[in-house]
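A.B. asks: Residue strings, one per chain:
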Amino acid sequence: MTIKIDNLSFTYPNTETALFQNFSLYLQGPGVCALLGPSGCGKTTLLRLIAGFLKPQSGTVTVEGPVSYVFQESRLFPWLSILDNVSLPLFKKASKKDSRERALYMLELVGLADKAQAKPAELSGGQQQRVSLARAFVFPASVMLMDEPFQALDLPLRIQLMDLFLKLLSEAPRLVLAVTHDPREAIYLADRSIILQGKPLRPVWDEQVSLSREGRLYSSPAHAELEARMFAVLAHSATDQTAIPGHGRFPWRR
Amino acid sequence: MATKQETLWVLLGVLALLLCWELGSHILASDLLLPDPRKTLMALLRLIGTRRFLQALGMSLVRILFSMAIVIPLSLVIGIPSALNWRIQAFMRPLFIVIAATPVLSIILIAFIWFGQERTPIFSAFLMMFPVLTSNIMAGIQSADPKLKEVLDLYEMSELQRLRYLYIPSLLPYLFAGLHSSLSLCWKVVVAAEVIVQPRHALGTGMQMAKAQLETTELLAWTAATVIMAALTESVFLAYKRMVHDHQD
Chain L
1 MTIKIDNLSF TYPNTETALF QNFSLYLQGP GVCALLGPSG CGKTTLLRLI
51 AGFLKPQSGT VTVEGPVSYV FQESRLFPWL SILDNVSLPL FKKASKKDSR
101 ERALYMLELV GLADKAQAKP AELSGGQQQR VSLARAFVFP ASVMLMDEPF
151 QALDLPLRIQ LMDLFLKLLS EAPRLVLAVT HDPREAIYLA DRSIILQGKP
201 LRPVWDEQVS LSREGRLYSS PAHAELEARM FAVLAHSATD QTAIPGHGRF
251 PWRR
Chain G
1 MATKQETLWV LLGVLALLLC WELGSHILAS DLLLPDPRKT LMALLRLIGT
51 RRFLQALGMS LVRILFSMAI VIPLSLVIGI PSALNWRIQA FMRPLFIVIA
101 ATPVLSIILI AFIWFGQERT PIFSAFLMMF PVLTSNIMAG IQSADPKLKE
151 VLDLYEMSEL QRLRYLYIPS LLPYLFAGLH SSLSLCWKVV VAAEVIVQPR
201 HALGTGMQMA KAQLETTELL AWTAATVIMA ALTESVFLAY KRMVHDHQD
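Chains as they are written, first to last, in the numbering used here: chain L, 1 to 254; chain G, 1 to 249.
The hints are simulated quantities; they were obtained by calculation from the structure and are not laboratory data.
Treat the hints with caution; some may be incorrect.
What the hints assert, rightly or not - Below, a list of computed lysine to aspartate or glutamate pairs in the EDC-like style, where the Cα atoms sit at most 20 Å apart:
1. 119/L <-> 159/G
2. 93/L <-> 150/G
3. 147/G <-> 207/L
4. 4/L <-> 207/L
5. 55/L <-> 156/G
6. 96/L <-> 246/G
As the list claims (entries may be wrong) - If you want the footprint, here are the derived chain G segments under chain L, 3+ residues with CB under 8 Å:
7. 68–76
8. 145–152
What the hints assert, rightly or not - Derived DEER-like restraints, expressed as beta-carbon distance ranges:
9. 170/L <-> 91/G: 31 to 41 Å
10. 142/G <-> 96/L: 27 to 37 Å
11. 110/G <-> 66/L: 19 to 29 Å
12. 55/L <-> 91/G: 46 to 56 Å
13. 9/G <-> 167/L: 34 to 44 Å
14. 101/G <-> 96/L: 31 to 41 Å
These figures come from a predicted structure and were not determined experimentally.
Using N, Cα and C, we set each Cβ at its ideal position, and we do this for glycine too.
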């Protein structure tokens, strides 16, 4: 359960600025590592490089074991039933019957067993993301990549889904690399948080989060303290440094 | 409500066409030039009762179905790899250009030399529909969502599984649209070929015989039968398409 990135360099075609230049990172699981940074900085690109959707210009990305992915949008096949959408990753190796049995168990865990025969369009956005989580967890992956899967949801639903994610992770432990732009999400979920900034990207924060489950709750003082520290770093990395009061540099304070 | 209104307007359109026809035949005042709708209807009813007509209708329908049965699998076999591989696409392009640019009548005449009376209408219809259907299938494959393709890449699905779970469902709406537009084209080409090559039992042969005997009323009756059959097959096709669409949804 490891991801090893060595001297990675990557620049998008037709752009001049390198997104990654001799970038190295080592992650070992099981556990959750949150990857934070300003929007559009290249967090998703890093996930796509790890998943093999993009090829680096130089350097190596080594992932130990199979990979599953929870995308920003649910990416369900509209013509397949919810059950078949969840079974899909297993079709390559297991029989359809076995795949569907395992998928149904996973759907029971995410509370959608009664929707097994429905099509994705019949489900709400939150339910679709639960199916997407079930699909990623049903696959026996060593490494799971998550790209802001809870971003489009309101706070109560987001917390509900994060709890569901933690429950599924305890059932099927693995190394999870989760991209988010919300430090609160990182504190709630992750054992390690990394903040990336700059061009080319480099880590400006890399800390193990050793809070208890209670300490991770949004309402806990320990959460608030860590969130403030992380916000300060994120605000510093933001282009508009006056955006976050208390952390940015205000023109009249110069 | 909207469907009822729509039906009403369609009926009004049919009535307007019949009225123009009636008016035209009244002005021309010659059954040789344009017999009125009532006489044509009577001639059609007389024809429907004859063995000759039923055999002709049946055989023309068989030719349509036969050409469809050949063109659909062949378009899939050529269209899918062409969409997925630029080399095959480039290799096939000259053939499509030649077929698209060749006049229908040339195709019918050449096919007559090669295939004889019975098979020429089938071959001609096949050749007319093939580029339309293949290009629709290619467009369908190319419309497949790249984000869903990434999901299949991630789980290392085989080429057959990609076809089953992504490409075939993506191309179905395009295939149906292509078949819809090909169906009326198929009737036109089959009957045109039948008129020229005159197989033993065919709607086109009936038209040609009626024309040779200057039986304009009967010629129009054969034509009306063709139009009605084309409309009927289209309705059956649309009902099937709706069924598949509902099943997919």
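A.B. asks: Hints first: check each against the structure and report whether it holds.
C.D. replies: Do the hints match the structure? See the list:
{"no.": "1", "hint": "119/L <-> 159/G", "verdict": "violated, 24 Å"}
{"no.": "2", "hint": "93/L <-> 150/G", "verdict": "holds, 18 Å"}
{"no.": "3", "hint": "147/G <-> 207/L", "verdict": "violated, 33 Å"}
{"no.": "4", "hint": "4/L <-> 207/L", "verdict": "holds, 18 Å"}
{"no.": "5", "hint": "55/L <-> 156/G", "verdict": "holds, 17 Å"}
{"no.": "6", "hint": "96/L <-> 246/G", "verdict": "violated, 24 Å"}
{"no.": "7", "hint": "68–76", "verdict": "violated (count 0)"}
{"no.": "8", "hint": "145–152", "verdict": "holds (count 4)"}
{"no.": "9", "hint": "170/L <-> 91/G: 31 to 41 Å", "verdict": "violated, 55 Å"}
{"no.": "10", "hint": "142/G <-> 96/L: 27 to 37 Å", "verdict": "holds, 29 Å"}
{"no.": "11", "hint": "110/G <-> 66/L: 19 to 29 Å", "verdict": "violated, 57 Å"}
{"no.": "12", "hint": "55/L <-> 91/G: 46 to 56 Å", "verdict": "violated, 28 Å"}
{"no.": "13", "hint": "9/G <-> 167/L: 34 to 44 Å", "verdict": "violated, 58 Å"}
{"no.": "14", "hint": "101/G <-> 96/L: 31 to 41 Å", "verdict": "violated, 47 Å"}
Hints 1, 3, 6, 7, 9, 11, 12, 13, 14, counting from the list given before, are not met by this structure.
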